[in-house]
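So the sequences go chain by chain: A and B. The numbering used here runs 11 ahead of the 1-based position in the first sequence. The numbering used here runs 11 ahead of the 1-based position in the second sequence.
What the hints contain is simulated information worked out from the structure, not anything from laboratory work. Note that this is a predicted model, so its numbers are computed, not measured. Every residue gets a Cβ at the ideal spot worked out from N, C-alpha and C, and that includes glycine. Incorrect hints may have been included.
Sample of chain A residues lacking proximity to chain B, with all beta carbon distances greater than 12 Å (derived) [stated by the list, open to error]:
1. Gly95
2. Val113
3. Ala254
4. Lys369
Computed cross-link-like contacts, DMTMM-like style, restricted to lysine to aspartate or glutamate with a CA-CA straight-line distance of at most 25 Å [what the hints assert, rightly or not]:
5. A:Lys23 with B:Asp386
6. A:Lys123 with B:Asp312
7. B:Lys205 with A:Asp319
This is what each chain is made of:
2 protein chains.
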Amino acid sequence: MELNKYIVDIAKKAKEASRILQAIDSETKDKALNLMEAGLLKKKESILKSNKIDIKGARSKGLSPAMLDRLTLNEKRIAAMAEGLKTVASLKDEIGVITGMVKRPNGLWIGKMRVPIGVIAIIYESRPNVTCDCAGLTLKSGNSVILKGGSEAINSNRAICEVLKEAAEKAGFPDGTINLIESTDRKSVGILLKQASYIDLVMPRGGEGLINEVVSESRIPVIKHYKGICHVYVDEYADLNMAHKISVNAKLERPGVCNAMETLLVHKDAAARFLPVIIKELKDNGVEIRGCGKTRRIVKDVKPAKEDDWSTEYLDLILSVKVVSSLDEAIGHIARYGSMHSDAIVTENYNNAMEFLKRVDSACVYLNASTRFTDGGEFGMGAEIGISTDKLHARGPMGLRELTSYKYIIFGNGQIRK
Amino acid sequence: MELNKYIVDIAKKAKEASRILQAIDSETKDKALNLMEAGLLKKKESILKSNKIDIKGARSKGLSPAMLDRLTLNEKRIAAMAEGLKTVASLKDEIGVITGMVKRPNGLWIGKMRVPIGVIAIIYESRPNVTCDCAGLTLKSGNSVILKGGSEAINSNRAICEVLKEAAEKAGFPDGTINLIESTDRKSVGILLKQASYIDLVMPRGGEGLINEVVSESRIPVIKHYKGICHVYVDEYADLNMAHKISVNAKLERPGVCNAMETLLVHKDAAARFLPVIIKELKDNGVEIRGCGKTRRIVKDVKPAKEDDWSTEYLDLILSVKVVSSLDEAIGHIARYGSMHSDAIVTENYNNAMEFLKRVDSACVYLNASTRFTDGGEFGMGAEIGISTDKLHARGPMGLRELTSYKYIIFGNGQIRK
């Protein structure tokens, strides 16, 4: 009951703040972001001190080295967080922009005004920089934010939030603009997900378990990034040098991220020429190959791929490889096993390129380029809050624009409906 | 278990169909819509016969006259359904339209292509015309649809769907384009709402009970129309003749619909002049007035408004009236009790108009016009599938465009990420 009241009070306060935030001008927002940046740099010692407490706790709980690395802050990482806030300050503020104004026959002018979404809850794990990135982007887009980080990072998140809140309030933002759920009680997420009258959007960021929990419990709209099972399809008409470069980049440049390739699809008429070379190169770089029957007939010493492999996001130096008989089969495979994230075709054939473009139903469909470009920065957004694999509201990289909604505005001079 | 398989099979079939639908050209869509229109007119006798069975059943169950009216079909209503399909055929098909193409420094071209959402489930009550309207709009926007109407309308819905499905298939659409859940088992809705791997969007249309049930059970994104608690605020600087005309129109033109006024807010300095005249006019037209203390001091024989009144959607000849001390109080009242549907200010004061426009967080914000214009047709959309009171994906009237999503398309010539 105590916990319930604690969460509801935060949600209420965030809602009240959001009503003030929607009318704050861009100058004030940028002032806040600049103060937040300066604050982080000034208080870095105390933030690092708090982070050390979290690391010590995580070590004693036996967290994996990868988790520990994600949790760890240092001067360079704090500087990167501060730099991120500066970038967000430099981005164009679209709140209040009016578009599509039309005049109706009865003289009404009807258009759309871009507005903040309202209150956004972010539920995430480990990395304390998410606290800062999300606070910056939500503030610039006129939203108040409720941050619920992992219990392992609570001291770091508290120290960062304190700095950010103080800066925002100094710039004139209301208390309630940036909110951190400090309770580490696991029930707090469930309570948060029921506050549909105060919270407008929930964005979970983390592993499959967290995402599933949020989707099944939430009464609030959720935008999620589920899995990134990205494909590169090497067509029979591919420039095989290009296909090689793209496949190596999509798998090796950063294997642990969502836009890395997990499955390579190769047309049967290109397989004999392409597979031996690319598999050798990938193996030489430490990649384990799991191939279909046809792949294994062409290249020796390849492990057999199991049915599960086609729908697995390895996030690691593992690649599943399948030989397909046609473009249709490739598109069908992507529809069946993919996660609608990022998929690429390599081809010099115009019709095949266009068919792939039209029929592959992923957030990002690539012709002759690496899937690794799916990223707010690479797309020119300046900063991203995440990548959506949903189909509603926002798909693919989500930047400032995707943290906004619109309202219809109607200018009349006494019109009534007959 | 049997029921589970029945629902899952329909959802799967709809998903498969949606993959084909996304690439069907506009001509084929319009051909289908025209055949659907002709089919409805040709088969009207058998549709009316099925409808009679539903009406008989509803009577024996003691449905209210209003419900019976909503359920009833006649020649005129079937003609209106057919006419609606013709209108949808005449609307522009935006699927495949590419916008916002930019060239990145590395030579990549990145843009957005408009695509169907995929599979849309509509859960609704009573009115059989919803079956036809939704099937037409979803087909034109390239989506397959799963229709779950009320059990009281099952014979009518089955007869209508049969005609529509036959026409769509004749035009070349796959089986699975239009799907009707024929089971009247209440459990079927719950099963449907769990098919997140096949269904992309759920739109409930009906009373508060239905909406709440869908929101709390669904694992699939929901866009809903909740309540329409619409306000007209008469400012101290209002043209009172205009305010009178707008108030009468917003309350009386069609009191049973979501964009009708439920609460009239009047600035204290306009109240003594405005309230006696408007209240007399509304009372003369059968409206019951429930007023705040100040209202009742100005006009006699007005019932007191209770706290509940401010958040009640009457959909009837009842109006709550409140005198406010300031524009701020009016905006605060709307934020607290409104449903973010449609709200209007009547004023000749520029600053007050702009403040209202900026700060009222509703789907449709009106200056000097009746709230009754919130409607797809009035907004120039040609047809609407509903009105959203949500903030994600779509707000206000939803037409063809709102039944679509986008995907990023990226044209490269061998780009890799460094």
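Going down the list of hints, with the structure as the test:
Its beta-carbon lying about 19 Å from the closest one in chain B, Gly95 of chain A satisfies the requirement of being farther than 12 Å from that chain. Distance to chain B contradicts Val113 of chain A as a non-interface residue, since its nearest Cβ pair spans about 6 Å, not more than 12 Å. The Cβ of Ala254 of chain A does not lie farther than 12 Å from every Cβ of chain B; its closest approach is about 9 Å, which violates its non-interface assignment. Its closest Cβ contact with chain B, about 6 Å, brings Lys369 of chain A to no more than 12 Å, contrary to its assignment away from the interface.
Proposed proximity of Lys23 of chain A and Asp386 of chain B is contradicted: the alpha carbons are some 32 Å apart, above 25 Å. With a CA separation close to 42 Å, the supplied pair Lys123 of chain A and Asp312 of chain B exceeds the 25 Å bound. Of the supplied pair hints, the one linking Lys205 of chain B and Asp319 of chain A holds, its CA atoms being roughly 23 Å apart against a limit of 25 Å.
In summary, the structure is inconsistent with hints 2, 3, 4, 5, 6 from the numbered list given earlier, while agreeing with the others.
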